Amino acid sequence: MLENVYVLTALAAGFIACIAALIWMMHPGVPGAAKPRRYCPLCKSELAENETLKGLIVDTKPPQKILIRGCSKCAPASESGTW
Numbered sequence: 051m052l053e054n055v056y057v058l059t060a061l062a063a064g065f066i067a068c069i070a071a072l073i074w075m076m077h078p079g080v081p082g083a084a085k086p087r088r089y090c091p092l093c094k095s096e097l098a099e100n101e102t103l104k105g106l107i108v109d110t111k112p113p114q115k116i117l118i119r120g121c122s123k124c125a126p127a128s129e130s131g132t133w
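FYI, the working numbering numbers position 11 of the sequence shown as 61, with every residue one higher than the one before it.
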């Protein structure tokens, strides 16, 4: 009877340790944790962590305008119409 209590206690401790390890690995500040990579939808280059997409308005036939979101590399090219 006492052996069963020890086995159940060991199983519970192992389960709790596994859950704690999973939570620790999912924390964003932990080295080795997977961080999602962000890419520019226009040029497909990887964005820096602090870089945001800019909204670029492209004039088409009046009265329509198209809003395109791109990175800082795409912004000058799209405003001049070279892409």
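Be a bit skeptical, because a hint or two may be false.
As the list claims (entries may be wrong) - Heads up, simulated DSSO-like pairs for lysine-lysine below, C-alpha to C-alpha not over 27 Å straight-line: (1) Lys104 <-> Lys94; (2) Lys123 <-> Lys104; (3) Lys123 <-> Lys94; (4) Lys104 <-> Lys115.
Everything labelled a hint here was simulated from the structure, so no lab data went into it.
Fair warning: this is a prediction, and the values are worked out from it, not measured in the lab.
How the hints compare with the structure:
1. Lys104 <-> Lys94: With a Cα-Cα distance of about 14 Å, the restraint between Lys104 and Lys94 holds, given a limit of 27 Å.
2. Lys123 <-> Lys104: 10 Å, holds
3. Lys123 <-> Lys94: Satisfied, since the Cα-Cα distance of roughly 11 Å is no more than 27 Å.
4. Lys104 <-> Lys115: With Cα atoms ~16 Å apart, Lys104 and Lys115 stay inside 27 Å; holds.
Checked against the numbered hints listed earlier, the structure breaks none of them; every hint is satisfied.
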